[in-house]
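The primary structure of each chain is shown beneath.
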Amino acid sequence: MFAAFATGLYYALVASPIDYLQRDTVRIMYVHVPAAWMALGSYTTIAIASLVSIVWRHPLADVCAKAAAPIGAVFTAVCLVTGSLWGKPTWGTWWQWDARMTSVLVLLFIYLGYMALWSAFDDRQRAARAAAILALVGAINLPIIKFSVDWWNTLHQPASVFRSGGPTIHPDMLTPLLIMALAYMLFFVTTLLMRMRAELASQRLEIAAERRAMALEGVQ
Amino acid sequence: MTAGVDGGIGTLVRRELQLVWAERSGGAIALIFFVIVASLFPFAVGPEPQVLARIAAGIVWVSALLACLLSLERLFQPDAEDGTLEQLVVSGQSLEAVAIAKMITHWLTTALPLVLLTPVTAAMLGAPFEVWGTLLLGLLLGTPALSSIGAVAAALTVGVRRGGVLISLLVLPLAVPTLIFGVGVADPLAGGSALKWLGVTTLLALAVGPFAAAAGLRVAME
Amino acid sequence: MVASDPILLRAEDVACRRGGRTVFTGVSLTVRPGAALLVTGPNGVGKSSLLKLLAGTLRAEAGTIQRPERVAYLGHDNALKPMLTVSENLLFWAGLAAPSRAEAEERLRAAVRAVGILPLWDVPARLLSSGQKRRTALARVLASGAQLWLLDEPTVGLDVASVERLGPVFAEHRAQGGMIVATSHTPLPLETVETLMLGAAAQGARP
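Chains as they are written, first to last, in my numbering: chain Z, 1 to 220; chain D, 1001 to 1222; chain B, 2001 to 2207.
Just chain Z, with the same shape it has in the complex (with noise of 0.2 Å):
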């Protein structure tokens, strides 16, 4: 019902920025930064559960940073790809090194690693602690990130200057921005509980076959 309810605001949005803009391209936008925002919420959220984890060791910690990586990662690479889309006719290149794509791009990367050091073990406890701890490492160094490639930018200012989202915003794209931001938000928690379901599930079946295994063995 809640899935419903999600999708059906998400995709009554896409309509409605359809009446408020002229030009066709820029209602790239609408998709593309809030998959922005998002790719930063999905790793703040993976950054708290991975806090929550580490301190408190409680169980639904690990479930849900897993379960968000992946969430995140896709909504990276949708601002990366839209990015590219919504760029061409301006910058007349696939790809412009530009502030905020770059940083992004730095992003996805730390979201495949944070998703590969969780494959990499057998033990799904060390996976879930040493993944907390990456993530953590990883939060701290956004920040970093993100001011380094600012002024990296601005040390090789490119030919054309080009900014995603324009200095201002006008009022009028705003409310439809934070709309969609919001059904993002919805998609994104809908999908993160689901997914957080089917990993609980999966453990558990991953006990289960671990106790046959156990038995088999004679132990308790």
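Incorrect hints may appear among the rest.
Some chain D residues near chain Z, calculated using beta-carbon distances under 8 Å [said to hold, decoys possible]:
1. Val-1152
2. Leu-1169
3. Phe-1181
Not everything, but these chain B residues come out facing chain D in the computed CB check (under 7 Å) [stated by the list, open to error]:
4. Ala-2055
5. Val-2071
6. Tyr-2073
7. Gly-2075
8. Asp-2077
9. Ala-2079
10. Leu-2084
11. Thr-2085
12. Phe-2092
13. Leu-2096
Since the hints were derived computationally from the structure, they do not count as laboratory data.
Note that this is a predicted model, so its numbers are computed, not measured.
For each residue, glycine too, the CB sits at the ideal point set by N, CA and C.
Fit chains D and B to the known structure of chain Z by using the hints.
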């Protein structure tokens, strides 16, 4: 916990250096790799001196960064495998001290030789002589951050199959600020600003690294 | 540690979790100076894990452990660097535990002599047989001057003569107030030893 007269990071570093000396083989590989990677660029972008000179600082930095990654997989692995790590904990050494000692050793045995070899690669790529000094300074100040980040990645992935690739994947995004500011030091206009931020980045890496690496080792031992 | 605190090993209601599953719960034991405890039980019941908990290399999921200031641990691995000689390997560890370099070397020589590998002083570890490596690891324990010895299968790979050599070593340690907790599949040369059986019922050991 009494650690006797010889406890602490100094002893651990001396021990690590003793081990590196005893198993002499691996050290030179990073140096050779550094030079080879740097010399790949002329093949890739053409030998025009102006082009190479323009990007020389960047090439040196990327090559140094990649070469530093090579020895990370073996940073904690042997000690975790043969029980040395357990013995260190039981004898009262903190994992933070162990991590710091490994970082220092990595820097001394992998990063520092690279840095000293920089004039060779810089000359090969035709970097203007004025840039050499700032390039060296940037590397000296930035490579400790690489050792620290590398140690964290190595600690998190102890015992993982094909850990080396995973380490690279984890280190490279986190090393972006060091790379940006490190190369920036050689820039005539922004050098001062870059130097300042390079220092900040390295300090942060050195402050956080030992604790994160120790946490990773703790997890690996369970 | 306050001077009036007794030197002993005490574990209360300790639980152990490894790899996401609970290995054991509710284990309690007390070992006083001069005592030896043998931990027994079927395979996989957690004997090695218990020793690691007591050593402090593993964190207990529940319960408390009180241990003496200095502990020596012998695990499955010998922690020897193949390229270094016996003395180079062990002087490092002895140096961590002894107040001076000279004393470390003296203790080490005595330890190495006691387990019978003094002739191997300058031999690189990679040339040693597995029994000799085990004895080297035992020498490390002996030279540590630790009050508590935690030994996990100490006699693996040792021939009968070497095992017998350990009898006086253990006795001397206990006579000086030391404690031993060990697991072993073969009989150890220990006298008046308590037994702690892990398994279906976790029992406390009487001191």
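The hints, checked one at a time:
no.: 1; hint: Val-1152; in the structure: holds, 6 Å
no.: 2; hint: Leu-1169; in the structure: holds, 5 Å
no.: 3; hint: Phe-1181; in the structure: holds, 6 Å
no.: 4; hint: Ala-2055; in the structure: holds, 5 Å
no.: 5; hint: Val-2071; in the structure: holds, 6 Å
no.: 6; hint: Tyr-2073; in the structure: holds, 4 Å
no.: 7; hint: Gly-2075; in the structure: holds, 5 Å
no.: 8; hint: Asp-2077; in the structure: holds, 3 Å
no.: 9; hint: Ala-2079; in the structure: holds, 4 Å
no.: 10; hint: Leu-2084; in the structure: holds, 6 Å
no.: 11; hint: Thr-2085; in the structure: violated, 10 Å
no.: 12; hint: Phe-2092; in the structure: holds, 5 Å
no.: 13; hint: Leu-2096; in the structure: holds, 5 Å
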